[in-house]
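Student: Below are the chains, spelled out letter by letter.
There are 2 protein chains.
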Amino acid sequence: MTHQEFYQKRIEAQLESILPASNQQPKALHKAMRYSVLGGGKRVRPLLVYATGEALGIATELLDKPALAIELVHAYSLVHDDLPCMDDDILRRGKATTHIAYDEATAVLAGDALQTLAFEILSPPLAGICAENQLKILNILTTSSGINGMVKGQAIDLAAVGEKLTEAQLETMHKYKTGALISASVLMASYCCDSLSGNNPPKTKGENEPVEMDIHKKRTQLSAYAQAIGLAFQVRDDILDIQSDTETLGKQQGADIAAGKPTYPSIMGMTAAKEKLFQLHKKAVDSLQDFGEEAFLLREIAEFIVKRIA
Amino acid sequence: MTHQEFYQKRIEAQLESILPASNQQPKALHKAMRYSVLGGGKRVRPLLVYATGEALGIATELLDKPALAIELVHAYSLVHDDLPCMDDDILRRGKATTHIAYDEATAVLAGDALQTLAFEILSPPLAGICAENQLKILNILTTSSGINGMVKGQAIDLAAVGEKLTEAQLETMHKYKTGALISASVLMASYCCDSLSGNNPPKTKGENEPVEMDIHKKRTQLSAYAQAIGLAFQVRDDILDIQSDTETLGKQQGADIAAGKPTYPSIMGMTAAKEKLFQLHKKAVDSLQDFGEEAFLLREIAEFIVKRIA
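Chains C and D supply the protein sequences, listed in that same order. Under our numbering, the very last position in the first sequence is 374; numbers go up by exactly one each time. Under our numbering, the very last position in the second sequence is 374; numbers go up by exactly one each time.
Okay, chain C solo, but in the shape it has when bound (with noise of 0.2 angstroms):
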């Protein structure tokens, strides 16, 4: 097993406790609920969220809520955006979109739980965590999630369709749909300790000791790299869009092109959108430059992120 396929597993268990049992009322909802977030996706932020845990020294069991959370906001977001009046999509992850599978006002519902659910399971006492840092990282995730992050992003998206969109604007909407989501990821992990200024506290510069780089700093280069990555995903997306197959993408294939939606490809050209995403690569390797071998996972998720064939 891998390291990535070590925490893929864990959020799978973790997801698979925490979803409400499809066999207590009302069921419905709660199978509507399982069957969206169950049995697929590649839990890209889940996995930030344990890779900047890795990075910062954090025991794995604090990150577990966190990594959840964003878990069920990104597959609520997918469920609502799915749906007729917005995307109208019939397949996400290979199988049939929550509307398709149950029915529209079974999706809508189980869309809004989900949101609920991402919220309620960060708000009971956190072992491991102080009140002041659990508040900041629901901060995170609601700020992220609303009118200042994904939401933000979505109906930018909607007034586009049919728009000229500027690469400027594109990136505009992508750094709210996918980018606000994908910094929260490692953003949140670095509150999952129990002192606001962060666990790594910066050391004094002992005799031949070398300076430890403080929680801020880090932060810092976090973002810079979670931010090349988010905007890294969404190129990496619109390319599979045009060159990939419905199968592989377990999701329509060439669907944002036939939606008439701008893309990286569609506006600067594919050679010049592989390129942009060798560079944003290059970016978020870079910004984890003072780290050492404790953000593997971190770069390992880049590589991932720019080379994924789904």
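Please note: incorrect hints may appear among the correct ones.
Below, simulated BS3-like cross-link-like pairs (lysine-lysine); rule was C-alpha separation at most 30 angstroms, straight line [said to hold, decoys possible]:
#1 C:Lys325 <-> C:Lys281
#2 C:Lys95 <-> D:Lys338
#3 C:Lys91 <-> D:Lys228
#4 D:Lys340 <-> D:Lys228
#5 C:Lys95 <-> D:Lys95
#6 C:Lys91 <-> D:Lys325
#7 C:Lys325 <-> D:Lys95
#8 C:Lys228 <-> D:Lys239
Rather than coming from a laboratory, the hints here were simulated on the basis of the structure. Since the structure is predicted, the reported quantities are computational estimates derived from the model, not experimental observations.
For this one, chain C is given, so just place chain D on it according to the hints.
Tutor: Same frame as chain C, now just chain D:
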């Protein structure tokens, strides 16, 4: 200006300022959010937050954020409940529903954004409320809105259309669908203070000095009050659905009956429903018997709920 009107004006002004400006991008989303929340609504839940705060001697400004948050959750639920795939309502608070005034995609997104905003405004540090209590407030709001609260009620409601329910089943549905948020209003207010034990620790019994109730006992009584008025609110709603008219109600009269939804009058008859309403009002008022003048507004709200005509 009556006591109620004072707080209604206060919450209107607070809602006005917390919602995103309609002249800022993305405008359609912001406009739809404002449209869904402002200019209408009885603001029963915020009123309960303020009235409970009065009964417990809590400063008004500590109650504003929870009052706002619960109204935003309520507003989001109305926007989504009105969608074509749900109740398919075209009239709400005397105006076109959000998906009619805008479009379905914008309504789904505005509802999502209102839910996130509710939790977002409770996540930065709140002056006068300790972090532990703030998390408790968030915990009350999330649990009462999600799969063990409002959303559960809505799912039961969806499954109940056209079914024959017993009075007990109807009561369970309403306990979640409307009761949970009404109880949450009261409970959240009781945590708007600086220590986990509540702001009114029990006094030592001096000579000739009455022992003040401790906060736990107060919460128990306030919860009993909230459960009674929560159910009363629904019984009154069902009576009005039959006896009022569309113009007075601001929503389609007879909509529940037309949709084949079980209601109190349809299950137990109009006379028994009115008797039930009377008993619930009595129970609510009796629950507050250990409170004095400071619970004036809570009693007034109970009376308003059973006598309201819209």
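Student: Look at each hint and say if it fits the structure.
Tutor: Hints and how they fare:
{"no.": "1", "hint": "C:Lys325 <-> C:Lys281", "result": "violated (38 angstroms)"}
{"no.": "2", "hint": "C:Lys95 <-> D:Lys338", "result": "violated (38 angstroms)"}
{"no.": "3", "hint": "C:Lys91 <-> D:Lys228", "result": "holds (18 angstroms)"}
{"no.": "4", "hint": "D:Lys340 <-> D:Lys228", "result": "holds (20 angstroms)"}
{"no.": "5", "hint": "C:Lys95 <-> D:Lys95", "result": "violated (34 angstroms)"}
{"no.": "6", "hint": "C:Lys91 <-> D:Lys325", "result": "holds (20 angstroms)"}
{"no.": "7", "hint": "C:Lys325 <-> D:Lys95", "result": "holds (24 angstroms)"}
{"no.": "8", "hint": "C:Lys228 <-> D:Lys239", "result": "violated (50 angstroms)"}
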